[in-house]
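**Q** Read top to bottom, the protein sequences are chains E and L. If you count the first sequence from 1, position 15 lands on 15 in this note's numbering, and the numbers rise without skipping. Every position in the second sequence, counted from 1, becomes a number in this note's numbering once 1000 is added.
All the given hints hold, so there is nothing to weed out.
25 Å max Cα-Cα, derived SDA-like pairs, lysine to any residue:
1. K115/E - R58/E
2. K75/E - V1229/L
3. K140/E - M1311/L
4. K118/E - Q1309/L
5. K164/E - Q14/E
6. K115/E - M1311/L
7. K188/E - A138/E
8. K120/E - A1310/L
9. K1294/L - H99/E
10. K118/E - G1307/L
11. K241/E - E225/E
12. K1294/L - H24/E
13. K1084/L - H1061/L
14. K118/E - Q1318/L
15. K115/E - P1317/L
16. K115/E - G1307/L
17. K75/E - S1308/L
18. K192/E - M126/E
19. K115/E - V1315/L
20. K1294/L - Q92/E
21. K120/E - Q1313/L
22. K118/E - L1171/L
23. K75/E - K1294/L
24. K75/E - R1230/L
25. K1294/L - I1324/L
26. K140/E - Q112/E
If you're looking for bench data, these hints aren't it; they were derived computationally from the structure.
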Amino acid sequence: MTQANSTDPIIIAQDVHKYFGQFHALRGVNMTVQKGEVLVIVGPSGSGKSTFIRTINRLEAHQKGTIIVDGIELKEGSNLDAIRREVGMVFQSFNLFPHLTVLQNVTLAPMQVRKMPKDKANALGMELLERVGISEQAQKFPAQLSGGQQQRVAIARALAMQPKVMLFDEPTSALDPEMVGEVLDVMKTLAKSGMTMLCVTHEMGFAKAVANRVVFFDQGNIVEENTPEGFFNNPQHERTKMFLNQIRHA
Amino acid sequence: MNIGALSFVIPGVGQFAVQTLFLGIQYLLAAITVWLVALPILLSGPLEGRIIALALLVSLHVGAGITAIAWKQRADGLEKNLAKAPRTYRLWSNVIAGLLVLLLVDLFARWLLSLPSWSAVASNLTFILIGKLRAPSNAEDLWRLWGFVPLMIGLVVGWNLFRAKKGLLGLVLGFVGVIIGTVILWPIINNQVLGGLAMSVMLALWGIVLALPLGMLVGIGRISEIPVVRISSTIWIELFRSIPFVAVIFWFYICLPYVLGQGTQLYAVVLALAIFTSSYIGEIVRAGLQSLPKGQTEASRSLGLSGSQAMIQVVLPQAIQNMIPPLVGQFISLFKDTSLTSIVSILELFGAGRSVANRLGNATFEIYLTIAVIYFIVNYSLSRLAASLEGAKAKER
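Bound conformation, chain L alone (with noise of 0.2 Å):
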């Protein structure tokens, strides 16, 4: 009779048995927090859960059970195979705990299907993706919709371009792509008008479409040779930096109409998003600069290449491979900050789902989970896209 047989009855005594001390005390402390949850959902939980449940709590006994006979084993110089202790412990270990995330996911979807207000969620669901474009006034101009494809497709096929050195005709292309968009798109763009996910990708594209070439200026100039060009980049950066965006969104709102006439509130929010992440991507861009080494400039002067030729021709192309990561974390960064706009009522995401919210009032809580995973959606499939293109990228070196 193996002593670590006494884990089937107690997981964790067998495991103190064969004095596999640190073991047993896991083992202990696990069976304590499966039971506590498993045993009332055992009780009277739904049919699903029980069947989890049951399986936890096998799994739990069966694989304390093992895994000390094994450790045992092992003690004794039974076992040949060393590894095999270990791999019991490893595999029975993920299965309760895969069980376990389970149950709590399952308790946690029956909890929010039970909510009440999905049916409210949904009938304004239409209005947290374009706004009051859905009204039915708007009809004939729903079609603008399409006006995104143009812009986006403007926007990847150019980076792409750009990516594979041919970036003359990438900015071109991308520049065409985002024109059409906005030509389609620019009855509509209005804060009257377009609103919730749309206004968001809407400030996003161009912001990200004014913040990257301003970001370029400013990097550069910020370990520019000359004095002044310095120095301004480096207010502009530090200033910007140091300024809660929100201060920066008021900033605008309230002072660029005065410049450019009233009705330009929108404009002033886009102006507001594109410099303060400019701020970012200026420092980005100057530390992929610095970080090639002193050489390639170097070798570039002493070929008689002109400062400006040595940087287009040599140190950004190489420079340009270090930025793209912490460039798409700043594109994602600036899809969440457009949330910010919301606070001078600007409709976009956030601010349509909370005027939803606030107009409903029984359903703050669904409102803000569904705005979250739009959140998540677009982002996490951004960050997906970019990594993927990075794997295709790295593959072809």
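For reference, chain E alone in the conformation it holds in the complex (with noise of 0.2 Å):
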């Protein structure tokens, strides 16, 4: 695992500026992925880096600069929803939609977007929460599992669409520790799989196992890029290995 097996950008990202009112949020980020590839992205808070995975499959709009994902420009008027099919998504706070079911939570976006009859559905779905470790829990509501297993029936859920790309927006900050492996472990299994993904988490165990690179945030801007070894062990800018202490100290 050290360096992605084609040179095949999915998405590139050039100059990308997005503002919250007065506030510049990224400044000029620019950024390609290769197919494959797995980013780790880390920062302190308010660095920008949820901010600019979420312009990926523009649940944020930027306001200038270009984002082109899978041969698609996002902009004003393109076919977001086309993107979005090919871009999963896993959030901090899980997001499960509590009046279905987990098997339902799988299924609603195959069966509505890609008109998928039920039974087929039915069948992608239960072969998604076998793979994620949690078959046995279909029938249940969201709020019937703990946290872990939520993350995992997300995780299933995003997987349904059969994106070319997942984006990770801190997917295991909201869960308690003893949670944090099994939800590592599924990541882990789907990087293996060559899934290209971005990850937006601090969890250095699995960017030590798994990241192609590792992506420093601050202020809204990229500060270093390097290989996980490179980053943690051997960092070359004094804002990154400030935070590493202070992330290594908490």
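Make the complex out of the two chains shown on their own, each in a separate frame, by following the hints.
**A** If you want it as structure tokens, here you go:
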């Protein structure tokens, strides 16, 4: 797991700027992600890392610069639903649909968006729940599951659209410590299956195990890009060293 | 000798002696009130009034005495169970208050029954309930009142299916019921025939049937991302919320027949009810939608669901749960608002009652009391029904 095995960019971001009112949240971010690459994004809170991955499926619109995902440029009027079908997202707070069962959570999008027949969608849903290890909970409602199980359902739900890219927005930071492992295991398996992944996370073990690159965000831009080994053992930038010290002592 | 026993003679004195000053004042004031009410009845009231008054006075003195003794024992440390004194106090204050209320209700009921014109109310009750439909010339149309049965069954069944997430089936069944009921009722839906409570129910049902979809539309429109939709929905809601309902009724009653032709005054009134109510329902819908965490929409959109798919599949089913209690409140409010249509001479419950009261001249109080009781019965059972539906729903979860 050192380098991505192709030079086929699936995400190209150039000079991306984002404002929240007066606040300049992203200040000219440039990033290229290859197919099959696993990218870990770290940075202090408010650094723009979450905002950046949210611009990739346009949950946030950027005001300047270009973002191209799988050959389609993200801009006003382009086919956003088509891009969102290609990009799965997992949220910090799970955002499962509480009125639907676990299985219905997974099958909703394939049935509504891809118009998949119900029995086929159910088979796909059960297969995905099997993959994340909670097929026996399929008929329960999300509120009946633990946080770790809910997050694994959320991953299965995102995978149900068979996305080419998966975005993870701090997927483990709302979890109790003993549940972090089960979610990271699912993510590791996913990474090894060749999925392109962008993960905002501070789990260093995960980064070392599967990431191709670690990107450090601060004040709305990328400060340092490095291999996991280089990033954690031999950081180049002062700001990065400070940050790593802080999270190690936390 | 326990000094609290003084309260057997004069309630409150014992409490003063045990130095529970506040209780003493309470008991003294209560005793004065009770004696003021009970004494005249004891001397010259009806038999059951005298009995209740006597029981009340005895309870007052016994209760005050026992309570004061308990406090004294507590103060001396004799009584191990420290909760006994407050408990005795609570028990006796409830007994005394209950008897006092019973006494007053008895007096009021006697006064009501002694009013001279109840027979006039009784002979006009059918008019208050169904209006001119009771006239012998309309006898062959009387059976048409059964049309309310499919109408109401359709609405209740439809509503419950809607709640049980079988929305489409619920809508279809509800619609079929409403149509069958309306077809049966149609020939008598006329201000010259139908009236009274039946007319009120008719106005309220059609009002809600039209107001619900309209309110949904403007409520969702109000938070739309499309400026034209958002602005026009906002204008709709703010306009009708800022105008008194009476003015809206007059508007529609006067203007609409110019467009729809003469004889459409009743439809104009129904439309006024529906549109006025829709603005309030719009606000309920908006609040319900905005009460959901933003993450629900974001998750739906990130899965590739379109805006309307996210609304129908994810947001609405959850938001409706939050909207139901205020919607029931709005429906009750709508039922009461139908009384305002009497000012354009619709003979619904209130209008029918007023016309009877004006005609008789000597039964005004009895008539309006009867009407108030009918409104109360209908609305209170509605709110109980809604609460029990909610309770059943809550148990399922």
